[in-house]
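*Asks:* Take a look at the letters that make up each chain.
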Amino acid sequence: DTGVSQDPRHKITKRGQNVTFRCDPISEHNRLYWYRQTLGQGPEFLTYFQNEAQLEKSRLLSDRFSAERPKGSFSTLEIQRTEQGDSAMYLCASSSRTSGGTTQYFGPGTRLTVL
Amino acid sequence: QKEVEQDPGPLSVPEGAIVSLNCTYSNSAFQYFMWYRQYSRKGPELLMYTYSSGNKEDGRFTAQVDKSSKYISLFIRDSQPSDSATYLCALANAGGTSYGKLTFGQGTILTVHP
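Chains as they are written, first to last, in the numbering used here: chain B, 1 to 115; chain R, 1 to 114.
Treat the hints loosely; a few may be bogus.
[Claimed, not checked] Straight-line Cα separation of at most 25 Å, PhoX-like style, residue types lysine-lysine; simulated pairs:
| hint | chain 1 | residue 1 | chain 2 | residue 2 |
| --- | --- | --- | --- | --- |
| 1 | R | K42 | B | K11 |
| 2 | R | K42 | B | K14 |
| 3 | B | K71 | B | K57 |
FYI, nobody ran anything at the bench for these hints, they're computed from the structure.
Full structure from sequences and hints, please.
*Replies:* Here is the structure:
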């Protein structure tokens, strides 16, 4: 068990470009979550998946954001037409069926900087 | 008003001190209470998980939940420089489509100096 991994760890992009992040959860964890964290704040929920189904999306997730988990394993988060306000740490977490979903293990995050 | 309020600190204590970290919340639907530790530029690490009111102890850490007051605490005994980090409280609902969605406090920055 290698824990939750995220790729890339850092991404610098220009405003208006599209970016995609990947998250690999702990193997056999059926739930996967995306959060966003800005400097000096706690993580804010964006969306979560149970297996391949996206069950909830936050109002923070504008139509420029899309997340997928096509085979119920890894997930991708895409941001289209990035804006400077999108600069943040994007965190992925996973949890198992047996833990009931509330015991979440976080990855190291992807730090996005939009210039 | 935010659903979860946490004093951001920063908090600076000498090594060996007892540290008290606190959060208050407004939504009585929260039934699960967690504390995470986050080192600089790292992901949060789960420290403590509690479901009911009362105390839960794990080594030098004690989590306390008072549902009637909507108040949760984390105590760290014999604090060490390695405890220097940001501590985040996180709360979750008991069911429905929001089950498992964590609502975090702002985080408290703790520094333990030798």
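*Asks:* Run through the hints listed earlier and report the numbers of any the structure violates, in increasing order.
*Replies:* none
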